[in-house]
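Novice: Letter by letter, the chains look like this.
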Amino acid sequence: MKKLYIALLLTAASFGAFAQQTPRNTPAAFELRQQRSLWQRSGNPAGLQLDQPYRYSQLKAGYEAYDGNFHRPQEGVSGNRQIVETQGGIFLDSCYLTGSFNYRREGIKEASFNASIIDPFRGMPYIIADLNPSDWVQQHYQLQFGIATPSYGRWSWGLGASYNASSGAKQRDIRTENYYYALSITPGVVYALAPNQHLGLNLRYANVKEEATMSNVNTYVDQTYYELLGLGTAVSMLGSGRTNNYEGDSWGGGLQYRYSGKATLFLHLNYLVEAEDLTISFTVPRDGASVLRKSWEAGATVQQESSRLLHTLGARYYNRHIDGIQYITQRDNSGSQQGWMTLAKYVRSTFKTTEASLDYSIVGKKGNNDYSWLANFSARYRKLNDEYILPHSFKRTENAYIQVGAKKNFRLGSSQLLVGLNAGYNRNLSGGYEYNGANKDYVIVTQLETNDYRYLASDFIRAELPVTFSFPIGKEKKNVMFVNGYAGYTKAEGFGFDHRVTYGAAVGANF
Amino acid sequence: MKYSIIALVILCSACSRIDNAREAEEIRPYSITVKANSVVPEITSTAGLKVVFENFAEGFRLERTLGTGATAIDSLIPGIYSINISGRAQAPGGDVYYLNGAKINYAVTANAGTVEIDVDGLKVSPLVFTEIFFAGTTPFYFRNQFYEVYNNSDQTIYLDGLCFANLTPTTATTNLPLWPAEDGADYAYAERIWKVPGNGTEYPLLPGESFVMSQFAANHQLPQYNPASPVDCSSSEFEFNMDNPNFPDQPAVDMQHVFYNGNASKGTLPQYLTSVFGGAYVIFRVPPGETYDPVNNPALKTRNLASTSTTQYAKIPIRYVLDAVEAGNNQNSINAKRVPSVLDAGMTYVGATYNSQGVARKVSDITNPDGTPVFIDTNNSTDDFERGVVPQFRRHGSKMPAWNHTN
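Chain order of the listed sequences is A and B.
Under my numbering, think of the first position of the first sequence as 1, with each following residue one higher.
Under my numbering, think of the first position of the second sequence as 512, with each following residue one higher.
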């Protein structure tokens, strides 16, 4: 909560600083600004000043909920979130500074097969799974800033940083109390090849840590739990769990190129390598497992803007490869009592994700800072190929997803009503899950992995209806208050899944 | 300067973690050469013996037959293995020996390695544990634990003076104690020892008969105890009476207490509870002409040198041991074996606590002339016991001794 107070104080302080802001920052204008901010989306803070920056701030608080049986086994059957988010941009002398703070409290109902990690989908397969579906209570804080200098000759410099902290508690034996943080720093530079051509480079370093301390409240009942090793391979245990300590580092960087002419061309290439170790216990630590994640992403965006229309065509390719590394360890029970000794380590599993997407949007502008309508189309191809090497098991899926959407900005006097509709269809192209290891009757195989595969290989249709109503406030009517809501419905086909609904509402203000 | 040093430390740490992960090689099957050395002078060849590699954590098992000399075993997944060699071998004179040898927690981490294992003529015990119930019954009822021992020989055996002990650590753990180096591999280490009373001929056990030692030899299915209990222990031959007035002495004969924490007295615990996760149990007999007094002989007791605890444990010479069974939480606990492999090369389990399930020794194809069974005894509890059975007394037609108090 202390962090929340600090963020709100910062936000309040920023209100005064934005008193001289000129354009009215309606929700539609806010979306348009984000669409134009190609440098900001690339992750290179040095390019922020090339995104036509201006002073703005937003504060909103909201509530979201979800329910329905179309979910991965480790997701909650239902749940809700309370959200507070702020973000803003400001000129400090000739530098431009952006920042954001998000707080989210989430109550997850009846999540299964997870007793050791706040986010079981963050690319860490080595977790503890127990047999009791349980509620989780989680809190998440995200603090982020980016600052860009003006051009010094041909050079612009920038620095970005983020701090994410989460805590989570499982509410049923085996219980766990988890604390997570991720700290990242991103220095960047942009070089002007010509007045209309810029080349950017940024580096990225991040450090991650998550601690999970498990225990039973009912100490008379020892719980069966499983140490997951990937794709159904698991070691069965009995008791109250253990202490898991995850620590990771990552290095990466990005290259960007922008050409501005009749149209804007933006190219980017990012690479990231991450290693995260799992150490079991603090008292007599044992190497549990490690992962080595390597990901790269390439994208091209073309934007063409006239006084009436803004066209954006984007293509993106993403590839992530994770090596799952297991250790062979043995306890030293000799006189030297060296604790756990690591005798060898091997890559035992690989997890590969490949994505390619194409997005097109057209915006009917209203003036330069607002829009009247927009339409978009996107198509995405996604392939997952996970393997346990020896004994060989695999889980593979290939999906194609297309989505069309539209939004209309209705003017109601000085107020605006933004109504949208998105519809998508996912088609599974191929897939399979085959487990060839020991203990095929473990629920980790028959329920967790099998149902996870079924979710990932499901066809579904999805529709979402977002609505935002906004109106000016303040004496000069330059600030905007808004209320938004959305409802989403996903209908699954096959495997016994039915649907998932998501809905939410928020109230906020743009300054 | 200070910040530069901090940045440098962070940089080095990050690079080290990533480099460490990058050094891991992709797993591939290894080959290992096994050489079995017979320590039975009459047996010179170990060809034809069965060798079993078991990686319990991963549920991987590989079985091969040894050839002449060294035998190459391929397709092994790197890991921690229990390696067992067993089988019959015929000496040139015609005598048939059952040979057995093992290595526990052997790390296969290199390709083309060699492992040598001594195989010895198996000591066939006339007395064997045939049924053990340690897990208790929900909710948290543990007083119905019992241990059944069977005469698997063709001779009458007098139980008088037979000792029963549970070994330490009481629950399977990878954090094993450290014992005096001079002990070598000659001892097992007991937390508590009991003895069958008698003058030497009071408690005969005929071939095909078994006797039961219960924690509390009552009918546990009575309302005041636990009607859900799978067993009525009131027909037990012996009980471990800890003088608890709430669980009064039963008609079964009381076992005689021998040793606990360096003393002959029972201590203050209100019951003799062994781990509901599964303990390690031995029966042993002191050879005629020898004296065994771990209470008064300092050479027969020791503390765990790996800890600061002053708790004393009794040393049981391995040559005294007739049978040993090790039980643990589940199949993965074998990585935490407490019992020397020469006594029990495996481990048995029921997979949960308070589930009213026990373990029972398997019967062989052979029966005694009176139809009573002959039980399998290969000194490997993993293979010799059925797991997760509903416990019962005198399974498979084992007989009750005539001196049982119910007769």
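It is possible that some hints are incorrect.
Unchecked claim - For lysine to aspartate or glutamate, the following EDC-like pairs were computed, each having C-alpha atoms within a straight-line distance of at most 20 Å: (1) K352(A) x E693(B); (2) K826(B) x E693(B); (3) K294(A) x E537(B); (4) K109(A) x E64(A); (5) K294(A) x E534(B).
The set of hints was computed from the structure by calculation and includes no laboratory data.
Novice: Starting from K294(A), check that the Cα of E534(B) is at most 20 Å away, please.
Specialist: Measuring from Cα to Cα gives roughly 14 Å; hence the hint holds.
Novice: Please work out if K109(A) and E64(A) have their alpha carbons no farther apart than 20 Å.
Specialist: holds, 14 Å
Novice: Within a Cα-Cα threshold of 20 Å, do K294(A) and E537(B) meet the stated pairing?
Specialist: holds, 16 Å
Novice: Starting from K352(A), check that the Cα of E693(B) is at most 20 Å away, please.
Specialist: violated, 54 Å
Novice: Has the given pair, K826(B) with E693(B), been kept, meaning a C-alpha gap of at most 20 Å?
Specialist: Measuring from Cα to Cα gives roughly 12 Å; hence the hint holds.
Violated hints amount to a single one, hint 1; each of the other numbered hints is respected by the structure.
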